[in-house]
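Protein chains in written order, with this note's numbering: chain Z, 1 to 270; chain B, 271 to 600.
Simulated from the structure, these hints should not be mistaken for laboratory data.
For the chain B half of the interface with chain Z, some residues (derived, Cβ under 8 Å), not all of them:
(1) 326
(2) 347
(3) 348
(4) 350
(5) 351
(6) 365
(7) 377
(8) 380
Calculated from the model, a selection of chain B residues having no Cβ within reach of chain Z, i.e. all distances over 10 Å:
(9) 333
(10) 406
(11) 432
(12) 448
Taking CB as the label site, the calculated pair distances span:
(13) B:365 x Z:265: 28 to 38 Å
(14) B:291 x Z:157: 55 to 65 Å
(15) B:489 x Z:16: 47 to 57 Å
(16) B:406 x Z:50: 46 to 56 Å
(17) Z:204 x B:334: 50 to 60 Å
(18) B:543 x Z:265: 56 to 66 Å
Glycine included, each C-beta is placed from N, C-alpha and C at the ideal position.
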Amino acid sequence: MRLFVSGLRKLVRRPATYVTYGLLAALLVLIIIAVGATGGRGSSGRSSAAALSIVTFPGAYDAILAFILGLGGLFAVVYGAAVAGSEWTWGTLKTVVARGESRSRYMLATFGAIAVVTAAALIVSFAVGVGAAVVGARLAGVSLDGIGNNDALGRLPEQFLRGYVAIVMEGAIGFAVATLARSQLAGIGAGIALYFGEGFASIFLPDIIKYLPFDLATAALGPSSFGGGGGPAGPAEPLSADFALLLVGVWLVGSLVVAAGFAERAEITG
Amino acid sequence: MTTAPELALATRGLRKSYGSRRALDGLDLTVPTGVVYGFLGPNGAGKTTTMRLLTGLLRPDSGTIELLGRPFSRSDRRRLFEIGALVESPSFYPYLSGRENLRALAAAGAATSRRRVDEVLDIVGLRDRGGDKVSRYSLGMKQRLGIAGALLSDPQLLLLDEPANGLDPAGIVAMRETLRHLASIGKTVFVSSHLLAEVQQLADVVGIIAGGKLVREGSMRELLAGEGLVRVRVSPDEVASAAQVLARLVPPNHVAVSSSEAGWLSVQIAPDRAGEVNRALAESAIFASGLESGNDLEDLFLNLTQDASTVDPDGTFAGISGRTTMPEAH
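Next up, chain Z with everything else stripped away, as it sits in the complex (with noise of 0.2 Å):
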């Protein structure tokens, strides 16, 4: 517990966790407020209206909700490479072996802190997202009427539940890649890569690539969704939500298993 918490603690210290998160949320808010004060008039038609629906509640709820969960996954990937890739790098995880410490525990501490961040940081840009969205429908004139309705909060738990899994497990892989890399850097650039990889080879091989982590963490979300990493799986047939998101756990205790057996039996040499 006292690693975990030693984890959290230097997380919430840490600038990279306000960069990577505060930079998801300030592009949310960007493009908000961009549709808000041009009014949708950037677009024309049906794009137009398609634009407003992020300042139109209660749809601004899900837009805003698919925006975090979709973008927030590429964002989890850098984030958990380079908190796992520091460790490396900056020599801290050898300290912590030198001084007896598991080192299974301590990444498996590390990663519970990390999936913590992320869940209070996807938390407050949802809440910034949405208090845009107002400011955005106050510019654009757009009613707020439907900011209260029942149904669409009803719904956002079960949906910001199934996103967050499936952006920890994403953080998890990112996290992973890393530790096997033993280098920021090399993590945060193998787990982008592999992010649009998967995405570029979802054209060519739907029928594989749909259960991969990026195209699960999409399909977990459900047919609404607006799509993440690598994107629906194009013409393949489209895996259940549920099941999808049975295969986004797999991923994500996968992932966590190979970084913590990695660690485990690594010769720390640097």
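Keeping the supplied structure of chain Z fixed, place chain B upon it in accordance with the hints.
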């Protein structure tokens, strides 16, 4: 392997290779409890590899390690709770303060109180700067913080890899006093270093490693006195003739010019025969301006590691001494 319980650290036949390069080749270390042990060796001799093996960062290819009288392997990580270590350069989170870093470290391994964090900051003279971010620390301050981290669990055995790196003279003196104090209260301090003068002042026992093997181990007093070395200083322009004179007193290969510029020669002869050295020179009208019995750690180190240093890739020690040994007379 049988090891007396009074040993803080013992290795037997320790071997470790990185690919085809053998870093350690059957290392046998014997470190008594309650001493400062100076672990010396040229670059690439295997000092840091030894430190990594002793702290479970690496797995030996073969051989055994005993820590505080009991066998240690990487799976016995809890044994490290009784040990404090600074391996290579100190490693910290740059965005946290020194105090926060120590608190984070204290959360791992042996349970450590928050009060202990301030105690160790006091010991290394960083209490006033404990609130500053580590990214603003100088190299010497980071080194002190690393030593503080090693002291956190109040360990029985302290393993320090080049602890004087980056320290200013006052910091070196303070570190020496701290380590001597720890030995005086029964703790064992194992220090790897390349600062021979510092080790000579600090260590009770010395182990010299070269090419992955222990080439000499013993108490500092034995090593420096037991070699039967007399150092004599003459005028630099009389060095050659002094060497010829002394080569008649002892076998020629027992005479070495330590520094022709400064006029120092070393003679392998029992220290109680130093008077004979002086008389032999005086009879040849060469008058010594200095005469010292006993060995110098630097001389001993260079003698023992010279062969290894010539094959050392960075060539650090080749040619440093500038020493020449008198050829056999024919």
